[in-house]
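S.K.: So for the sequence shown, the working numbering puts the first residue at 20; every next one is plus one.
Treat the hints loosely; a few may be bogus.
[Claimed, not checked] No more than 20 Å apart at the CA atoms, straight line, and that leaves these computed lysine to aspartate or glutamate pairs for EDC-like:
#1 LYS182 - ASP95
#2 LYS21 - ASP198
#3 LYS182 - GLU66
#4 LYS26 - ASP198
#5 LYS26 - ASP49
#6 LYS60 - GLU155
#7 LYS21 - ASP49
#8 LYS60 - GLU71
#9 LYS182 - ASP79
#10 LYS182 - GLU58
#11 LYS182 - ASP198
Honestly, the hints are just simulated from the structure, not real lab data.
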Amino acid sequence: MKRRLPKIDLRITSGHTGATLARLIGGEIDLGLLPLPVEPKRMRITELGRDELVAAVPPDHRWVARRRVQARDFQDEPVILYERQSQITELTLGFLLAEGVFPRVAAEIEHLEAVKEMVQRRLGVAVVPAWAVRREVAAGVLAVVALGRTSLVRSWGLIYPEKRQLPPMFRSLVRLCGDLLPPLLSPTT
20 MKRRLPKIDL
30 RITSGHTGAT
40 LARLIGGEID
50 LGLLPLPVEP
60 KRMRITELGR
70 DELVAAVPPD
80 HRWVARRRVQ
90 ARDFQDEPVI
100 LYERQSQITE
110 LTLGFLLAEG
120 VFPRVAAEIE
130 HLEAVKEMVQ
140 RRLGVAVVPA
150 WAVRREVAAG
160 VLAVVALGRT
170 SLVRSWGLIY
180 PEKRQLPPMF
190 RSLVRLCGDL
200 LPPLLSPTT
């Protein structure tokens, strides 16, 4: 990005969706890259792509032989949840609870790397973005299995307050993100 837009002072920070929205509204940051949907309504959103959430399991787990797992399959598994405020956990719990499955939560971890490490150590299964475990799957230390009958997907967007007019340079950044992000979200890139 720096090569294609050298005049943009780009600083990347991470944070929960709510905190990022508060920083956008407060004018502390100009743009947010967030999973959709978001509140409040007074935001302009440019949807950039979608990613798939998958079950991450050890490579010799019994689920690996299957193409998909359903919510009921989680019933007898210890589940490692990503941090409580994350959309990943919200979607995971929604997927399970909609089918009447109350997960046996083994841990709630605030760092995705730690979630992956716990799965590798066979402490439980987890729901993670497919792109986030790409290297571990390629290295053979984790395996992934699709969720549900139709997969569990979420959308990502660049967000900024609708009252704010973006300078041309920022519009170029939005277009560039639209070009670069979809391949990064792909589970196989």
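S.K.: Just to be careful, I want the Cα atoms of LYS182 and GLU66 compared with a cutoff of 20 Å; is the pair within it?
M.R.: Distance of about 18 Å is within 20 Å: holds.
S.K.: Quickly compare the C-alpha distance for LYS60 and GLU71 to 20 Å and report which way the hint goes.
M.R.: violated (25 Å)
S.K.: Straight-line Cα separation of LYS182 and ASP79 no greater than 20 Å?
M.R.: Not satisfied, since the Cα-Cα distance of roughly 52 Å exceeds 20 Å.
S.K.: Does the structure keep LYS21 and ASP198 at a Cα separation of 20 Å or less?
M.R.: Distance of about 14 Å is within 20 Å: holds.
S.K.: Checking one constraint from the list: CA of LYS26 to CA of ASP198, max 20 Å. Satisfied?
M.R.: Between LYS26 and ASP198 the Cα gap is close to 19 Å, so the pair holds against 20 Å.
S.K.: Under the criterion that the straight-line Cα-Cα distance not exceed 20 Å, is the pair LYS26, ASP49 satisfied?
M.R.: holds (15 Å)
S.K.: Compare the distance between the alpha carbons of LYS182 and GLU58 with 20 Å, and conclude whether the hinted pair is satisfied.
M.R.: The given pair, whose Cα atoms are some 15 Å apart, holds under the 20 Å limit.
S.K.: Hinted pair, alpha-carbon criterion (20 Å max): LYS182, ASP95. Please report holds or violated.
M.R.: violated (49 Å)
S.K.: Would the hint linking LYS182 and ASP198 be met if the CA-CA limit is 20 Å?
M.R.: violated (25 Å)
S.K.: Would the hint linking LYS60 and GLU155 be met if the CA-CA limit is 20 Å?
M.R.: Status violated; Cα separation ~38 Å.
S.K.: Given the hint that LYS21 pairs with ASP49, does the C-alpha gap stay at or below 20 Å?
M.R.: It holds: about 17 Å lies between the C-alpha atoms, which stays within 20 Å.
When held up to the earlier numbered hints, the structure conflicts with 1, 6, 8, 9, 11 and fits the remainder.
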